[in-house]
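Participant: Listed below are the residues making up each chain.
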Amino acid sequence: MILDNKLITKIISFFKKLILYQEPALPDRFVLQENDCDAKALDSGFPQQITQTLEELNTLLRYAYRLEHHLETVVATLRQGKRVDPQIIQEYQSLQKQQRENEPLQLGYYDNSHISKDYPVSASLKENAIVLSKLYHLPQNTGIVMRPFTIPETPSLKAMLVYMEGLSDKKYITTVVLKPLMTIQSQKSTSSDDAIERIMKENIPNGKTKKTSNFRDIQQGINSGSVILFLEGFTEAIQVDTKGWEHRNVDRPVFEQTVRGPQVAFGEVLAVNTSLIRSLCRSSDLMSEEFLLGSRSQLTAVVMYIESIANPSLVAEVKRRIKSIQTDFLVDSDVLQQMIGDHPNSPFPTTASTERPDHVASNLSEGRIAILMDGSPFVLVAPITFFSLMHSPEDYSMQTPYSSFIRVLRWICIIIALMLPAVFLSISTFHQEAIPTDLALAISVARDQVPFPTFIEILLLDMAFELLREAGLRIPGILGPTIGIVGGIILGQAIVAAKIVSPIVIIVIATTGLTSFVIPDYRLSAAIRLMRFLLTTLAAILGLVGVSVGLLILLLVLCNMKSYGIPYMAPLAPKTITGLDVVIGGPAYRQERRPDVLQAKDVTRQPHISRGWIEEPPEGSDQS
Amino acid sequence: MKHYHPPNMGIMSGVSLVFIGTAPRVFLHQSTEQLSINGEAAWLGVLMNSLCSLIMMLIVLFLINKLGGDFLSVCNKLVGKRVSWIIQLFYSLIFLISAALLLRDYVESTKLSALHDANYQLITLVYGFTVMIAAYLRIEAIARAGCFVLPFILVGSILVTILLYPFYQIYQLLPLLGNGFKPLLISGFRGAGYNLLALLIVILAPSYQNVRTMKVCFLWGLGGSAALKLLYMLVFLLTFGVEVGMEKILPFFEMARLVFVNHYLQRIEAPFIIIWVMFGMLAIALSLYIAVYLARHILNLTILRPLIPLLSVLTIAISMLPENFDQVTKYEGLLLNAEAIGIYLIPLMLLVAYFIKGKDEKCSSE
Chain A
1 MILDNKLITK
11 IISFFKKLIL
21 YQEPALPDRF
31 VLQENDCDAK
41 ALDSGFPQQI
51 TQTLEELNTL
61 LRYAYRLEHH
71 LETVVATLRQ
81 GKRVDPQIIQ
91 EYQSLQKQQR
101 ENEPLQLGYY
111 DNSHISKDYP
121 VSASLKENAI
131 VLSKLYHLPQ
141 NTGIVMRPFT
151 IPETPSLKAM
161 LVYMEGLSDK
171 KYITTVVLKP
181 LMTIQSQKST
191 SSDDAIERIM
201 KENIPNGKTK
211 KTSNFRDIQQ
221 GINSGSVILF
231 LEGFTEAIQV
241 DTKGWEHRNV
251 DRPVFEQTVR
261 GPQVAFGEVL
271 AVNTSLIRSL
281 CRSSDLMSEE
291 FLLGSRSQLT
301 AVVMYIESIA
311 NPSLVAEVKR
321 RIKSIQTDFL
331 VDSDVLQQMI
341 GDHPNSPFPT
351 TASTERPDHV
361 ASNLSEGRIA
371 ILMDGSPFVL
381 VAPITFFSLM
391 HSPEDYSMQT
401 PYSSFIRVLR
411 WICIIIALML
421 PAVFLSISTF
431 HQEAIPTDLA
441 LAISVARDQV
451 PFPTFIEILL
461 LDMAFELLRE
471 AGLRIPGILG
481 PTIGIVGGII
491 LGQAIVAAKI
501 VSPIVIIVIA
511 TTGLTSFVIP
521 DYRLSAAIRL
531 MRFLLTTLAA
541 ILGLVGVSVG
551 LLILLLVLCN
561 MKSYGIPYMA
571 PLAPKTITGL
581 DVVIGGPAYR
591 QERRPDVLQA
601 KDVTRQPHIS
611 RGWIEEPPEG
621 SDQS
Chain B
1001 MKHYHPPNMG
1011 IMSGVSLVFI
1021 GTAPRVFLHQ
1031 STEQLSINGE
1041 AAWLGVLMNS
1051 LCSLIMMLIV
1061 LFLINKLGGD
1071 FLSVCNKLVG
1081 KRVSWIIQLF
1091 YSLIFLISAA
1101 LLLRDYVEST
1111 KLSALHDANY
1121 QLITLVYGFT
1131 VMIAAYLRIE
1141 AIARAGCFVL
1151 PFILVGSILV
1161 TILLYPFYQI
1171 YQLLPLLGNG
1181 FKPLLISGFR
1191 GAGYNLLALL
1201 IVILAPSYQN
1211 VRTMKVCFLW
1221 GLGGSAALKL
1231 LYMLVFLLTF
1241 GVEVGMEKIL
1251 PFFEMARLVF
1261 VNHYLQRIEA
1271 PFIIIWVMFG
1281 MLAIALSLYI
1291 AVYLARHILN
1301 LTILRPLIPL
1311 LSVLTIAISM
1321 LPENFDQVTK
1331 YEGLLLNAEA
1341 IGIYLIPLML
1351 LVAYFIKGKD
1361 EKCSSE
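Residue numbers (our numbering), protein chains in the order written: chain A, 1 to 624; chain B, 1001 to 1366.
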């Protein structure tokens, strides 16, 4: 009977399982909870105080254990009737220093539970290791290497090396720091106060070595590839520059290629970039001042300028703007530009961004300022004007008549890139009388079967062009340009065959697209493309009157803009004194003055007659 | 809140401001009006009113040189705060109404020349918005934009006058005295009111380095504007003559339309639309800005920008009041009388006041 019951129960359970929905035994899905920062802020400081007190007690306890161990060693030595050796004295001195650190007031000031960056270096290696573990969240966080070792002096000295794996050069650390210290043969006492100085001078063969006494500098050092050497019994550490992360080698420019002139571009390493500039501008008053940016990214920015040329107010303003930045993460020079630029919401750039050292060097010689950022291969140059953005580094390498011709061509191109679709739309829709009758008829016949107004035609094709351009950039490798060209041809042919747009609009948009790439500055080119859309829309509403209104507003906005205090449209509006280097370029010997608008300390670049040989008779010629 | 600070402007900016402020009606119907009053001597009338306005401006400069400060402080010193307040209100209203009528003029001209089927209210709103932006970006931006527009105006004007040479008929300038000496004299003096906006240089005197800079601005600005007006008047007369010319509402547009060099270079009026619209907008914005600047003084405000949208809307509203183009012309005639008071009567009154009592308050700015 019991068996029967069990069987029935089993059968019922089987069908129950089969028919009824059973929730799968999966863990709950992850849902990101709201941040409880606000709740924490409302809490009283009580738990934090308790944590702090606990940490203080732990610190004191560790000190007590160390003291106990030391006293036991001393007692044992005395009982054996031996002399107190220097090792014990050294330990005693170290304990004395640690005792001073453990005074209640000091412990309370440096909240040990939330270690601040200003936390001082302890005389105890163990304490320093604990602080570093807290700062770098060890052992979860990998990458930090802490290497304890002993310096074989008399008495031997405990030490610890700390560095970030991957940022520092391991071979270099072994050769320059570890090897000399581990094979030290000095008989001088390491307990003396000048031991750190002596080690730095005699045992570490590195040019960039310095002492640090707080964890702010230590963190900066470790995070930028330096190695930190802690010594037992010393409240200072030694920072040795051992930067050695992997990076791209100095290469040819990618976006600012030229046929003539230097063929070197910046890379991602700040020191290499500054040296590239210094190699072209070997002036002893070429200043480079460092600033640390981003409370978390902690990247270095360098402001470079020629002290005897650059306007001091301009330099001070650039430094003021950089110093004032308060952000946690800033990793690119273009982002920095948004933080310090005059008009971050304008599509028009107010700083030049270049990857060419020769371009930066020539700008520095004019009195401008270069801003470099660690990890960014683009250097910002400020202040600039709209006209300087239309200059290409190659202009100075070519013969003047040709470079002037190219510059004029560039200006024609910028006008075409900005206005051609808008003017075509206006004339074909509102002012047909402005074009010869034959051309008007040709346009009319070409548009005969197109079902859309010209504005929609232009918009469709312009958007398609922008899409192809963007897609060409995103598609990897050699496929990008290929797909761009093939896509353009196929799309163009298909769109005409389908009578969606007329062939003449394809010509207009293709010409516009081509001319927009002639503009040397990429960001200016992007701004012009954006403005083109606005002008085309205005042209669709009011024809040439709309174009005129759009152009005027654009002109007014540009005239109102400033780049680090100098008018954006200088030297034409306002009119300032300038050399032959605005639209038409003059030969190098005619570039006698620096641009007046930069208010350089030294306005004169060269004397009126810089080619001295024209006033001197050739060798061997008859003076009479 | 940022307080108003006078901008620093140079000679080029000053010249472009005077030019923009005094020459915008050259693209409208001013030449036709002169033609109907003076006949073949219309060009002499243009020359006379430019000379008269230059003389009056030099008188104001003389007062500033002697008393220092700007035009408004000179008024304060010579006629007292109450009368000075009335003078400022008078000028502010004139500039505001002038901006409104000029706006309506340009709207009507646009409808006649470029956009026959467009709604005039739409054009007014677009122009009004543009003018507001220009004024909001302040005088520096207007002056600098003017520096860019001026070369195109000059090159365009010279191009049209050269390309029209096959239509020139010299005898159309004769008789030289046109309708006689009396109308020439009256219109010559009265027409100086068209140049009232040149006064902006002395109103904004703190923006300029010294009296000499202002004098150069007047000479080149008014001189250039007079040369342009004279050139157009002569070419208009040479091309159309008095009888035909009096029927043309927009002389410049008609002249550009007449150009025929060959099959591919004919009827070039369309590209000029871009230039004259920009020039007109800048002139209206300038007039509005000076009206706002004076309103700030009258109301004793520290800031200027919040007034600009307000007065822009007022300008647009006033510009829509006249029922038709004829009424606009009628109101402009009345305004010209008021402008003549502004350019002759008030500076002369100040000069007399200076000689009566102002000498005691000498404080040369040089």
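Hints in this document: simulated from the structure, not taken from any laboratory.
Treat the hints with caution; some may be incorrect.
[As the list claims (entries may be wrong)] Lysine-lysine pairs mimicking DSS-like chemistry, simulated, CA-CA at most 30 Å apart:
#, chain 1, residue 1, chain 2, residue 2
1, A, Lys17, A, Lys323
2, A, Lys6, A, Lys17
3, A, Lys179, A, Lys201
4, A, Lys158, A, Lys211
5, B, Lys1330, A, Lys562
6, B, Lys1215, A, Lys575
Participant: Against each hint, give a clear statement of whether it holds in the structure.
Facilitator: Hint check results:
For the proposed pair Lys17/A and Lys323/A, the alpha carbon gap of about 69 Å is over 30 Å, so the pair is violated. Distance check on the hinted pair: Lys6/A and Lys17/A sit about 16 Å apart at the alpha-carbon level, within 30 Å; holds. The suggested pairing of Lys179/A with Lys201/A holds, with an alpha-carbon distance near 15 Å, which does not exceed 30 Å. Proximity of Lys158/A to Lys211/A is assessed by CA-CA distance (about 18 Å); at most 30 Å being required, the pair is judged to hold.
Distance hint between Lys1330/B and Lys562/A is unfulfilled; the C-alpha atoms sit about 44 Å from each other, more than 30 Å. For the given pair, Lys1215/B sits about 18 Å from Lys575/A by alpha-carbon distance, which is consistent with the 30 Å threshold.
Hint compliance for this structure: hints 1, 5 are not met, and every other hint is.
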